[in-house]
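A.B. asks: So the chains spell out like this:
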Amino acid sequence: MLSLESITKTTQDWLFAKFSPQIALTIECVIVILLAITLFAVLGLVLVLLERKVAARIQIRLGPNRVGPGGIFQTAADTLKLIMKEGLTPDAADKFLFNLAPFIVMMVAMLLLAPIAFAKNFQIWDINIGVLYISSVSSLSVIGILMAGWASNNKYSLLGAMRSGAQIVSYELSAGFAVLTIVVLTGSLQISDIVAAQENGWWLFKGHIPVIIAFVLYIIAVTAETNRAPFDLAEAESELTAGFHTEYSGMKFALFFLAEYINIFIVCAIGATLFLGGWMPLHIGHWENFNHVMDYIPSSVWFMVKTFFLIFLIMWFRWTFPRLRVDQLLNLEWKYLLPISLFNLLLVTVIAIMGWYF
Amino acid sequence: MYNQTEIIKDTTDLGPEGELIVNMGPQHPATHGVLHLVVTLNGETIKKIEPHLGYIHRSIEKMCESLTYRQFIYVTSRMDYLSSHINNTACALLVEKGMQIEVPERAKVVRTILNELTRIASHELWIGAMAMDLGAFTPFFYAFREREMITDIMEDTCGARLTMNYIVPGGLMYDIHPEFQTKVKAFIKQFKEKVTEYEDLVTGNVIFQSRTKGVGILTASDAISYGCTGPVARGSGVNCDIRKIAPYDAYDRVEFDEIIETAGDSFARYMVRVKEMNQSIRIIEQLIDNIPEGDFVGKTKNVLKLAKGEFYQRVETARGELGVYIVSEGGTTPHRIKFRSPGFSNLSVLNHIAKGSKIGDLMATMGTLDLVIPDIDR
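Here the protein sequences come in this chain order: A and B.
For what it's worth, the working numbering labels the leading residue of the first sequence as 1, then goes sequentially.
For what it's worth, the working numbering labels the leading residue of the second sequence as 1, then goes sequentially.
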């Protein structure tokens with residue numbers, strides 16, 4: 001069968017047979033980097049279009065429908081426009097940091113791509129501290145946002161960056177604890193181990209109510225971490241015009257925009273991996289025939305379907321809820337989500353020790 | 001002398017105590033027009049708000065003084081452009097009162113229906129814009145779906161969708177469109193079906209309630225002393241509906257409730273407007289089948305001349321009490337004209353009720369004050 005696994009294996013064998021190991025490795029690196037960048041571009045285009053279509057559907061309108069069939073080339077046209085626009089740098093801005101910030105945000109998003117398992121045995125880097133790596137790297141993005149807000153020398157940007165800093169630092173905790181519940185159940189930080197542990201059923205179904213709570217907490221926390229409505233206070237366009245990226249234009253703005261969507265993809269991919277079994281097909285107990293049929297669907301399709309389901313969920317939030325106020329946002333985290341997730345972690349630990357999961 | 005703060009030109013400037021001073025507007029997504037607020041911030045907390053007006057001042061009052069009593073009505077459509085029919089009614093009523101013109105029943109009833117449709121359209125736009133201020137985009141489109149039906153009715157009636165000119169001294173400019181009644185009934189049917197969607201999407205939303213309840217509290221005595229009218233004052237429990245206090249046109253023969261909420265916060269003001277839409281529907285329902293036959297305009301002289309003296313007429317627009325005050329020297333044009341616009345008084349209360357709250361609260365408060373800047377500046 002022509003699966004992603006066999007493609008990578010064939011390429012690897014061919015490269016190592018043809019070249020010396022060092023050169024083969026270098027070529028592999030280049031291929032991976034190119035693939036990652038391509039994936040970024042494609043994801044950006046697809047997710048922006050998806051968001052606009054989802055929004056249009058919810059808001060009883062049609063959405064983009066002029067460029068290409070069903071408007072599928074709309075985002076490509078928009079990107080072309082953004083590339084051709086002049087990237088202004090304000091006079092009073094700190095020019096070095098101002099121009100650096102979008103790249104930092106983008107770089108963080110790219111680094112996060114490394115440990116994600118897209119399909120069976122199809123992973124850039126199966127690092128043994130995968131989950132720890134993800135949570136530590138994802139917290140770096142706040143530096144880019146703070147940098148952008150401060151270097152713009154704009155009061156709206158500064159306020160937005162301050163909000164974003166407070167928000168991401170707080171919600172990192174809940175997201176971290178939600179992720180820890182799965183680590184406790186699996187007993188490993190490695191992504192491939194976590195996926196392998198869900199062969200007989202996803203953690204969402206196996207782990208009783210505490211894991212469902214952890215899943216809900218995770219979705220809330222990552223919505224906040226990616227600065228999406230109802231937690232889009234860093235942008236809050238009715239309050240702070242555009243928050244931290246008010247002064248950005250052209251491709252620099254597009255990088256922020258792209259990073260937001262890539263971050264959504266990544267957090268949803270991680271959520272799908274941890275709670276919904278990653279690329280594992282849906283298996284139900286002893287229904288041998290059913291499980292067999294499910295196995296025929298390629299693992300990459302399973303992964304993408306789960307991820308896009310979560311992405312749709314997060315988009316749905318955005319077009320339904322009003323925005324929270326900044327003090328309500330922090331209250332929600334420190335007074336409700338954090339105590340719940342701490343207690344929940346304790347519960348899961350008891351479950352894991354006593355072996356009460358399926 | 002009113003002491004204004006300087007408009008901040010240097011963006012690195014801080015206030016005297018190191019506060020952050022932010023110019024919100026004249027181009028800002030939440031000020032709905034060219035309102036300019038100089039906001040003094042301590043972190044996220046608002047210390048002072050100072051509105052700067054005049055960006056859309058077109059000297060409508062002065063213009064009216066050089067126009068005849070037939071002409072000046074059309075300029076008033078551009079004041080509070082969301083209640084243009086109601087503005088026109090106020091001016092027409094004043095001229096009719098000054099000249100003792102007899103208005104046919106048909107015109108009175110049609111005017112009342114149009115005024116209430118205008119009120120609904122205005123509140124529909126407000127509910128969408130207000131939700132947008134709070135970060136919810138979807139209600140805007142839901143609200144505009146119903147508003148679209150009203151603008152279609154308006155287009156049939158007088159050709160315009162926004163700045164309608166249909167009401168003349170003595171009655172109406174033309175007779176109503178033959179399909180007027182069916183279209184209004186279709187609108188009533190759709191509105192009644194769809195109004196629950198707003199309740200689900202906005203009113204019942206936990207985040208919406210926590211954003212508006214207890215925010216921007218205006219007490220009844222403050223509302224009176226600042227001269228607030230309309231839904232802003234009624235949200236604070238002040239009894240001020242001109243349609244009840246001094247009925248004009250056909251308001252004395254219809255049954256409707258004056259909506260009063262006592263909490264005085266943003267949510268109360270929100271609820272007043274939502275309930276008012278239902279009351280407007282109630283008024284239209286009573287009148288739409290009972291439009292009397294007959295003339296649509298009363299007999300007037302070709303040249304209108306108001307007697308020497310002072311005249312005042314007030315009506316209830318979607319935003320509150322609109323007063324028209326004319327000093328006449330007996331000529332064909334007003335000697336002096338003054339509009340008492342509801343938005344101006346309602347804006348003046350902003351600093352008082354939003355001081356000490358967060359930036360996000362300012363948007364909730366400003367949203368429920370329902371400001372239309374051309375109405376404030378004129």
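Just to be clear, a hint being listed does not mean it is correct.
[What the hints assert, rightly or not] Here are the simulated SDA-like cross-link-like pairs (lysine to any residue), alpha carbons at most 20 Å apart as the crow flies:
| hint | chain 1 | residue 1 | chain 2 | residue 2 |
| --- | --- | --- | --- | --- |
| 1 | B | Lys338 | B | Val38 |
| 2 | A | Lys53 | B | Leu67 |
| 3 | B | Lys358 | A | Asp327 |
| 4 | B | Lys358 | A | Lys120 |
| 5 | B | Lys358 | A | Trp334 |
| 6 | A | Lys53 | A | Pro90 |
| 7 | A | Lys120 | A | Ser170 |
| 8 | B | Lys192 | B | Lys213 |
| 9 | B | Lys213 | A | Gly68 |
| 10 | B | Lys194 | A | Arg57 |
| 11 | B | Lys355 | B | Phe137 |
| 12 | B | Lys213 | B | Leu287 |
| 13 | A | Lys206 | A | Ser192 |
| 14 | B | Lys358 | A | Lys81 |
| 15 | A | Lys81 | A | Lys120 |
| 16 | B | Lys301 | B | Ile101 |
| 17 | B | Lys308 | B | Ser328 |
| 18 | B | Lys213 | A | Leu330 |
| 19 | A | Lys53 | A | Ile37 |
| 20 | A | Lys120 | A | Gln328 |
| 21 | B | Lys275 | B | Ser328 |
| 22 | A | Lys120 | A | Ile60 |
| 23 | A | Lys9 | A | Ser192 |
| 24 | B | Lys358 | A | Ala77 |
| 25 | A | Lys206 | A | Val216 |
| 26 | B | Lys355 | A | Gln328 |
| 27 | B | Lys194 | A | Asn200 |
| 28 | A | Lys53 | B | Lys358 |
| 29 | B | Lys358 | A | Asn200 |
| 30 | B | Lys47 | A | Asp327 |
| 31 | B | Lys194 | A | Gln328 |
| 32 | B | Lys358 | A | Ile297 |
| 33 | A | Lys335 | B | Val38 |
| 34 | B | Lys358 | A | Ala242 |
| 35 | B | Lys358 | A | Ile58 |
| 36 | B | Lys355 | A | Leu332 |
| 37 | B | Lys192 | A | Leu332 |
| 38 | B | Lys275 | B | Pro292 |
No wet-lab data here; the hints were simulated from the structure.
A.B. asks: Going through the earlier hints one by one, which of them does the structure break, listed in rising order?
C.D. replies: Going through the list in order, the structure violates hints 1, 2, 4, 6, 7, 8, 9, 11, 12, 14, 15, 19, 20, 21, 22, 24, 27, 28, 29, 31, 32, 33, 35, 36, 37 and 38 and respects the others.
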